[in-house]
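Chemist: The numbering of the sequence shown is the UniProt record's numbering, which starts it at 1 and goes up by one.
Hints are computed from structural coordinates only; laboratory data are not their basis.
Hints are supplied without guarantee of correctness; some may be wrong.
As the list claims (entries may be wrong) - Computed list of lysine-lysine pairs in BS3-like fashion (alpha-carbon distance at most 30 Å, straight line):
#1 Lys130 - Lys116
#2 Lys116 - Lys65
#3 Lys94 - Lys116
#4 Lys65 - Lys88
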Amino acid sequence: MSADVRSIAAVIDWHAALTNYGDGLSEAMAGVDLEIRRAFDWLGEQLARWQRAVRDCEEEVVRAKAELTQRKFPTWDGRDPDCTVQEKALRLAKARQEHAEEKVETVRQWIGRLPKMIDEVFTGPSRRLKSILEADLPNSLVELTRRIRALESYAGLRPDYAPGPSASGVPTPPASPPKGKGEEESSTEDAVQSAVLSPSPLRGGVGEGLEKQPPPPPAAEGTREGA
């Protein structure tokens, strides 16, 4: 199948664009993989953080209960003391404990859900894309490079290109470099002088013809005596 290539430079630019596209896509894929690992690391850190928070809240609840119990002892005059502050502190401690426990449960759910979501949405397409980047694209670039070299050799743009023999079987001589105006005038003058002064196979040159002219015939005897 033939191709109508009108510009080798355009093919070279296409090769460079494909190379840059592959490099950029590889960097993007590496960045996505890094972000996924960071997400798993972050979830692990959050789980440890909220588990510590649950333990701290449990201790806070224990202290709040102890303070409330101590506050409930009747005074020396038999009246029940005001336990509003201690009861409020206990409610806040329990609320913080419940909040921390909910966070632990949420993080555990995400730790279980995230791998499944990644497999469903990302793993399959990314595996196919990596196959293209690691195998198909390099092979295509190698083939495109080979085609570019063939086009350059065909067009005579490479130093290793040698013209083929002509139709008559005689090698085509290389074209002579163009001459300047002064060189052309000098060559013309040399050719004229060579044509004028050099002997021709049919007749001698101008100088030679003058030297070899026969002497004039002698005058008639009667003419000489009358003179």
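Chemist: It remains to establish, for every hint, whether it holds in the given structure.
Modeler: Against the structure, the hints:
1. Taking the CA atoms of Lys130 and Lys116, the gap is near 20 Å; set against the 30 Å cutoff, the hint holds.
2. As the CA atoms of Lys116 and Lys65 are separated by approximately 43 Å, the hinted pair breaks the 30 Å bound.
3. For the hint pairing Lys94 with Lys116, the CA-to-CA distance comes to about 34 Å; that exceeds 30 Å, so the pair is violated.
4. Restraint check for Lys65 and Lys88: satisfied, since their Cα atoms lie roughly 11 Å apart, inside the 30 Å limit.
Comparing the model with each numbered hint stated earlier shows that hints 2, 3 do not hold.
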